[in-house]
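Please construct the entire structure, taking both the sequences and the accompanying hints into account.
Listed below, chain by chain, are the residues.
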Amino acid sequence: MPSNAIPGHGASVAMELNPSGAQGTFTVIGEMQDIQRPEMSRAETESTTHQDGIDYWVIAPVIRRGLLSGTVNYVNGDGTLDHLTGLQYALLNAEERGFQILGPGGSAGVHEWIGSGEVQLFGPVTYPVREGLAQAPFAIRLSGPMYIDGVLFS
Amino acid sequence: MSTRYLWIRDVDRPADLLGEDEDGRPVFSMNFEALAAAPADNWPRALVKLLEDAALATFGTNCWIGSHSSVPDGAGPFITVVATGGGPTDLYQNGAEYERLSAWIVVRAATYAAAEDRALAAWRALKAVTNATIAT
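Residue numbers (our numbering), protein chains in the order written: chain A, 1 to 154; chain B, 1 to 136.
Don't read these hints as lab results, they were simulated from the structure.
One or more of the hints may lead you astray.
[Stated by the list, open to error] Simulated restraints on C-beta separations: (1) A:129 / B:124: 12 to 20 angstroms; (2) A:128 / B:52: 28 to 36 angstroms; (3) A:9 / B:58: 42 to 50 angstroms; (4) A:40 / B:128: 45 to 53 angstroms; (5) A:10 / B:100: 15 to 23 angstroms; (6) A:153 / B:100: 41 to 49 angstroms; (7) A:107 / B:92: 17 to 25 angstroms; (8) A:85 / B:58: 44 to 52 angstroms; (9) B:11 / A:152: 52 to 60 angstroms.
[To be verified] Here are some chain B residues pointing at chain A (derived, C-beta under 7 angstroms): (10) 7; (11) 92; (12) 93; (13) 94; (14) 96.
[Said to hold, decoys possible] Computed far set for chain A versus chain B, every beta-carbon distance over 10 angstroms: (15) 16; (16) 59; (17) 82; (18) 85; (19) 98; (20) 110; (21) 120; (22) 121.
For each residue, glycine too, the CB sits at the ideal point set by N, CA and C.
Shown next, in the form of structure tokens:
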């Protein structure tokens, strides 16, 4: 009987606002709804031959990551979102930043991803009529080495 | 206290409650809902504040909060604001919380026309409030 599931609420994505500053100073990004930590995969090539009676595959040695993505409540002027220091600045200036993804209850080295990447998408900002909140999707492409719970993968 | 209401919206238009109160006055009622940054402890006082700002009510004189409040004899119009259950709180990953609120407003007056006029005026004052910080 499963009994170890945890709720997804309480995760966070934090970003180094000043990439030239001290490393590891992360600021949590705004008010987030669902967060998608990137999937991991390896490319595969089928190597089945005419003589085989079952399929054969070659799995590539390179780890591939999907996009780190989610949706935020769009607050104009929020320093973690805006065009002066936030996600939009990083996108507009093609600036590589450090990112920290913490799962619920996560801390340094526990339920934690740290990697570098660039903001690949921000928006569209949706302003729904009547009741909806101003919100924007974002996506971050991690690139290069990363730490999972303090263990380096490169 | 001061609370930021992202929106206050009408759930329905003022409706005749199909009867009279104990003093023979026609009664209209309407419902509202709202989303507010937590804590929203001044709901429904915030609704009364908006009605006062629109010169449609004076708290304690012709406007009261709560189903327990007793409405005096007289021509009115009188307004009663009752907090209802609202909905579940919206939670965000960084700990931000937004409270879903609702309220029932009852308007009564000596004549049908007076009750309807005040109910419609209150409805128009409250049904389209957006991004308003309300201090009470």
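Evaluated hints:
| no. | hint | in the structure |
| --- | --- | --- |
| 1 | A:129 / B:124: 12 to 20 angstroms | holds (19 angstroms) |
| 2 | A:128 / B:52: 28 to 36 angstroms | holds (30 angstroms) |
| 3 | A:9 / B:58: 42 to 50 angstroms | holds (43 angstroms) |
| 4 | A:40 / B:128: 45 to 53 angstroms | holds (48 angstroms) |
| 5 | A:10 / B:100: 15 to 23 angstroms | holds (20 angstroms) |
| 6 | A:153 / B:100: 41 to 49 angstroms | holds (42 angstroms) |
| 7 | A:107 / B:92: 17 to 25 angstroms | holds (20 angstroms) |
| 8 | A:85 / B:58: 44 to 52 angstroms | holds (48 angstroms) |
| 9 | B:11 / A:152: 52 to 60 angstroms | holds (55 angstroms) |
| 10 | 7 | holds (6 angstroms) |
| 11 | 92 | holds (4 angstroms) |
| 12 | 93 | holds (4 angstroms) |
| 13 | 94 | holds (6 angstroms) |
| 14 | 96 | holds (4 angstroms) |
| 15 | 16 | holds (17 angstroms) |
| 16 | 59 | holds (34 angstroms) |
| 17 | 82 | holds (16 angstroms) |
| 18 | 85 | holds (17 angstroms) |
| 19 | 98 | holds (18 angstroms) |
| 20 | 110 | holds (17 angstroms) |
| 21 | 120 | holds (20 angstroms) |
| 22 | 121 | holds (19 angstroms) |
In this structure, none of the earlier numbered hints is contradicted; all agree with it.
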